[in-house]
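Sequences are here, hints too, so could you generate the full structure?
Residue numbers (our numbering): 1 to 143.
Hints listed in this document are in silico derivations from the structure and should not be mistaken for laboratory results. Treat each hint with caution, since some may be false.
What follows is a list of derived Cβ distance ranges for each label pair [as the list claims (entries may be wrong)]:
(1) Ser116 <-> Thr82: 16 to 26 Å
(2) Asn111 <-> Asn53: 17 to 27 Å
(3) Asn111 <-> Ile60: 37 to 47 Å
Yeah, the Cβ is synthetic: ideal placement off N, Cα and C, and Gly gets one too.
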Amino acid sequence: MRLYSHILIILCILMTRSWGQHRTDIHKNPEVIFKGLQLPKTNLFAYSPPTTNQMQFDVISYELNLNLYPDLHRLSGSVSVTGISLISGLDRVEINLESSMLVDSVRYRNNITPFSHQENMITINISPQTVVGDTFTVAIYYQ
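Set out below in structure tokens:
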């Protein structure tokens with residue numbers, strides 16, 4: 001029995017390492033992932049350093065819900081971002097989101113909340129302001 005558990009552990013480690021490998025071909029050729037979809041002519045994998053606001057909270061989780069319509073060359077969905085405030089008085093959250101994505105609405109505490117979306121950044125107003133250690137969730141609906 002111990003032999004089987006050791007083999008299972010080794011297989012898990014090997015599979016995790018192979019799945020966790022960095023895929024350099026994706027950065028050079030995004031069509032590997034997005035084959036068949038017509039995407040905007042932008043660099044989907046461009047890195048931008050965190051903003052001052054983004055340094056004021058830690059993301060705990062992202063929950064993606066996507067609807068793909070390949071025949072229409074369309075994508076819609078939502079992302080829920082759960083974070084924890086690192087400061088008192090956090091009154092907005094900035095999240096990178098491609099400007100070509102049309103945001104329908106944003107929710108905070110299950111209520112529609114004001115936001116702005118420009119230059120590949122969505123800024124979401126959260127009220128009341130947080131204190132250190134508060135967790136929060138914002139949901140962004142887009143197409």
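Take the C-beta atom of Ser116 and the C-beta atom of Thr82, compute their distance, and say whether it sits inside 16 to 26 Å. With a Cβ separation near 21 Å, Ser116 and Thr82 satisfy 16 to 26 Å, so the hint holds.
Per the hint of 37 to 47 Å, is the separation of the Cβ atoms of Asn111 and Ile60 within bounds? violated (21 Å)
At the C-beta level, are Asn111 and Asn53 separated by a distance inside 17 to 27 Å? holds (21 Å)
Hint 3 from the earlier list is the only one contradicted by this structure; the remaining hints agree with it.
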